[in-house]
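From just these sequences and the hints, can you work out the full model?
Line by line, the protein sequences give chains H and W.
Residue numbering for the first sequence follows the working numbering, starting at 283 and increasing by one per position.
Residue numbering for the second sequence follows the working numbering, starting at 70 and increasing by one per position.
None of these hints come from the bench; they were simulated from the model.
For glycine and all other residues, C-beta sits at the position ideal for the given N, C-alpha and C.
Treat the hints with care, since some could be wrong.
Said to hold, decoys possible - Ranges between beta-carbon positions, derived for each pair:
id	chain 1	residue 1	chain 2	residue 2	range
1	H	K675	W	E132	24 to 30 Å
2	H	G429	W	E132	33 to 39 Å
3	W	S75	H	G514	56 to 62 Å
4	W	N76	H	G514	54 to 60 Å
5	W	Y169	H	K472	29 to 35 Å
6	W	M70	H	S435	31 to 37 Å
7	W	S75	H	D549	55 to 61 Å
8	W	M70	H	N471	41 to 47 Å
Said to hold, decoys possible - Listed below are the simulated DSS-like cross-link pairs for lysine-lysine, each with C-alpha atoms no more than 30 Å apart in a straight line:
id	chain 1	residue 1	chain 2	residue 2
9	H	K398	W	K190
10	W	K144	H	K472
11	H	K355	W	K144
12	H	K355	W	K124
13	H	K352	W	K85
14	W	K94	H	K472
15	W	K147	W	K85
16	H	K314	H	K329
17	W	K124	H	K398
18	W	K190	H	K651
19	W	K85	H	K420
20	H	K560	H	K708
21	H	K515	H	K286
22	H	K351	H	K314
23	H	K351	H	K286
24	H	K472	H	K313
25	W	K147	W	K175
26	H	K651	W	K147
27	W	K124	W	K175
28	H	K559	W	K220
29	W	K218	W	K85
30	W	K144	W	K231
31	H	K420	H	K314
32	W	K143	W	K177
33	W	K94	H	K420
34	W	K177	H	K651
35	H	K352	H	K398
36	H	K560	W	K218
37	H	K651	W	K175
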Amino acid sequence: MSKKILLQHINVPGINTLETYVSHGGYQSLKKAFSMTPDEVTEEVKKSGLRGRGGAGFPTGMKWSFLDKKTDKPRYLVCNADESEPGTFKDRYLMQNIPHALIEGMIVSSYALGAKTSYIYVRGEMMHVIRILEAAIKDAYRAGYLGNNILGSNYSLDLFVHPGGGAYICGEETALLESLEGNRGNPRNKPPFPAVWGLYGCPTVVNNVETISDVPWIINNGGDAYASIGIGKSTGTKLISACGNINRPGVYEIELGLSVEEFIYSDQYCGGIPNGKKLKAVVAGGSSVPILPADLILKTANGDPRLMSYESLSDGGFVSGTMLGSGGFIVYDEDQCIVRNLWNFSRFYHHESCGQCSPCREGTGWMEKVLHRIENGHGKMSDIDLLVDVAKKIEGKTICPLGEAAAWPVASAIRHFRAEFEEHIKNPDSCCKKHLHSEHALIH
Amino acid sequence: MTILSSNTIQEINNIKSRYPEGREKSALIPALHLAQAEQGWLPVQAMNEVAELLKIQPIEVYEVATFYTMFHIKKVGKYVIEVCRTGPCCNVGAEELIQYMEEKLKIKVGETTEDGLITLKTVECLAACGTGPVLQIGPDYIYQEQITKEKFDQLVEDLKIKGR
Chain H
283 MSKKILLQHI NVPGINTLET YVSHGGYQSL KKAFSMTPDE VTEEVKKSGL
333 RGRGGAGFPT GMKWSFLDKK TDKPRYLVCN ADESEPGTFK DRYLMQNIPH
383 ALIEGMIVSS YALGAKTSYI YVRGEMMHVI RILEAAIKDA YRAGYLGNNI
433 LGSNYSLDLF VHPGGGAYIC GEETALLESL EGNRGNPRNK PPFPAVWGLY
483 GCPTVVNNVE TISDVPWIIN NGGDAYASIG IGKSTGTKLI SACGNINRPG
533 VYEIELGLSV EEFIYSDQYC GGIPNGKKLK AVVAGGSSVP ILPADLILKT
583 ANGDPRLMSY ESLSDGGFVS GTMLGSGGFI VYDEDQCIVR NLWNFSRFYH
633 HESCGQCSPC REGTGWMEKV LHRIENGHGK MSDIDLLVDV AKKIEGKTIC
683 PLGEAAAWPV ASAIRHFRAE FEEHIKNPDS CCKKHLHSEH ALIH
Chain W
70 MTILSSNTIQ EINNIKSRYP EGREKSALIP ALHLAQAEQG WLPVQAMNEV
120 AELLKIQPIE VYEVATFYTM FHIKKVGKYV IEVCRTGPCC NVGAEELIQY
170 MEEKLKIKVG ETTEDGLITL KTVECLAACG TGPVLQIGPD YIYQEQITKE
220 KFDQLVEDLK IKGR
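Printed below as a string of structure tokens:
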């Protein structure tokens, strides 16, 4: 059994309530944190090697230490709960089932950063999660974990939930801050980074739900203990939301360093591919990361077993590797059509582009259009290189990474499955008709 | 005379206090959710009243209301069924299901049934990829997962009874 940090008590009845959460060690980290200075708390997080769990994987302690503490302006901690990356459903699972883990993490993290007011920005579609969090926050106030002079520490914190309005782009941290200020979710130019100029022009840290929920364990057990879990610079555990053609879709907490093969085939995790089908491809970290064919997801180009870690998944760069990303793990069996899937994702990015930068606004639309015609039997051979060209002209030329997020799936699908695109163009009827609606084999 | 009820106005004013003074505009998205929950959609009059409550220009409200997909700036049915159309849901049959929904409700995506009861919309990923196909039903935004044709039929029947 691998180490569980976030989901250790997931099966305890009533763990969503404050009483049960507390009786299983919940809110213990507050006392410990308040006995330390804020900088000591940050130091533990640095030592832990914890990296941002939203997708970018940036070291959390380092992000915290960039916070401008010289100004008199208030500082803010904002939790990014705008989970919208296709294939990703871990934060929703965590907030829905153990809401107090996030709230405890918000309190300890806010203390470390010196924030007096913090916000949890939840995507608006998750109204059910917002209702759960608001009720849990109320209970935390009542128990004295929030509000004035928390547990006699002289530290005071107000915590609010803020609903989004429906926009993938608000998962980008500066778009999220714009949205929180009541504006359209247009990402900001960086620098200045939020650590200097964030919410209302004040120093701000934006962290993912899972990242913040890891902090209490780190404070309770020490940064070194956390760093001893996992592999290399991929310390700790990671929530992986697995979906697609697998026997056991769901959210799994894995110790980083688990082999991809074990994750896909072990009954403890995905449980293999249904109906005796073969593995065709995997999108390992949410729809934005490069897709890899079966051989390259199971083994690196050098023949080493591929591991679920930041380093191993990106081994080979974009030629033969991918990214851990958000942990949205989408599995495709031999019947799934890469072209149709890519067209679907391209439509997603076109729909979600905020429209601010021309390369993304126009380019995502062109990619969708070209893929649509290939998928529908009107493609030309030159379309394949046209797609590669458009993707290249978006990448690196936009204010925020949505451009890359739209370009990488296209570039990687063509890199690894070019023959399938050619086949679509040559014999439009040969592919999609037979497996457009593969049978619904995923209910356990 | 306002079209927003005094309750909703009170709630919007309460929400303003979550944000620092002078930053009332932060309450805009929550306020639009409240206005929409009450009105069923966002008529211009409701948006103008929100602008007044937050001391901002109406155009600032319109630009936000039109940017975010959850806000209905045209009248919709009493219930809005929003079905996920993104990759993982399509891999487990969402496309076929959406076709079925159109046939069953005798409308196309984006339209409202003749009796004004149901609007059918497609949306992007709802973060329920392991339990797709997924849809949600507004105005309460209740998630319904692992949707089958039979389950959808039942949901429609339930809405017909509820909406009477």
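Structure-based check of all given hints:
1. H:K675 <-> W:E132: 24 to 30 Å: For H:K675 and W:E132 the Cβ distance comes to about 28 Å; the hint holds.
2. H:G429 <-> W:E132: 33 to 39 Å: holds, 36 Å
3. W:S75 <-> H:G514: 56 to 62 Å: holds, 60 Å
4. W:N76 <-> H:G514: 54 to 60 Å: holds, 56 Å
5. W:Y169 <-> H:K472: 29 to 35 Å: Violated, at about 45 Å.
6. W:M70 <-> H:S435: 31 to 37 Å: violated, 50 Å
7. W:S75 <-> H:D549: 55 to 61 Å: Once the Cβ atoms are compared, 57 Å apart, the range 55 to 61 Å for H:D549 and W:S75 holds.
8. W:M70 <-> H:N471: 41 to 47 Å: holds, 44 Å
9. H:K398 <-> W:K190: violated, 40 Å
10. W:K144 <-> H:K472: Distance ~39 Å between W:K144 and H:K472 Cα, so the pair is violated.
11. H:K355 <-> W:K144: The given pair, whose Cα atoms are some 43 Å apart, is violated under the 30 Å limit.
12. H:K355 <-> W:K124: Holds, because 24 Å separates the two Cα atoms, which is no more than 30 Å.
13. H:K352 <-> W:K85: OK: H:K352 and W:K85 at ~29 Å, within 30 Å.
14. W:K94 <-> H:K472: With Cα atoms ~23 Å apart, W:K94 and H:K472 stay inside 30 Å; holds.
15. W:K147 <-> W:K85: Since the Cα atoms of W:K147 and W:K85 sit roughly 28 Å apart, the hinted pair holds (cutoff 30 Å).
16. H:K314 <-> H:K329: Since the Cα atoms of H:K314 and H:K329 sit roughly 17 Å apart, the hinted pair holds (cutoff 30 Å).
17. W:K124 <-> H:K398: Distance ~25 Å between W:K124 and H:K398 Cα, so the pair holds.
18. W:K190 <-> H:K651: holds, 21 Å
19. W:K85 <-> H:K420: holds, 18 Å
20. H:K560 <-> H:K708: holds, 25 Å
21. H:K515 <-> H:K286: holds, 18 Å
22. H:K351 <-> H:K314: holds, 23 Å
23. H:K351 <-> H:K286: violated, 34 Å
24. H:K472 <-> H:K313: Outside the cut-off at roughly 37 Å; violated.
25. W:K147 <-> W:K175: holds, 16 Å
26. H:K651 <-> W:K147: The given pair, whose Cα atoms are some 34 Å apart, is violated under the 30 Å limit.
27. W:K124 <-> W:K175: violated, 43 Å
28. H:K559 <-> W:K220: holds, 27 Å
29. W:K218 <-> W:K85: violated, 43 Å
30. W:K144 <-> W:K231: Roughly 20 Å between the alpha carbons, so the hint for W:K144 and W:K231 holds.
31. H:K420 <-> H:K314: Roughly 23 Å separates the two Cα atoms, so the pair holds.
32. W:K143 <-> W:K177: holds, 16 Å
33. W:K94 <-> H:K420: holds, 24 Å
34. W:K177 <-> H:K651: holds, 21 Å
35. H:K352 <-> H:K398: Status holds; Cα separation ~16 Å.
36. H:K560 <-> W:K218: holds, 28 Å
37. H:K651 <-> W:K175: holds, 28 Å
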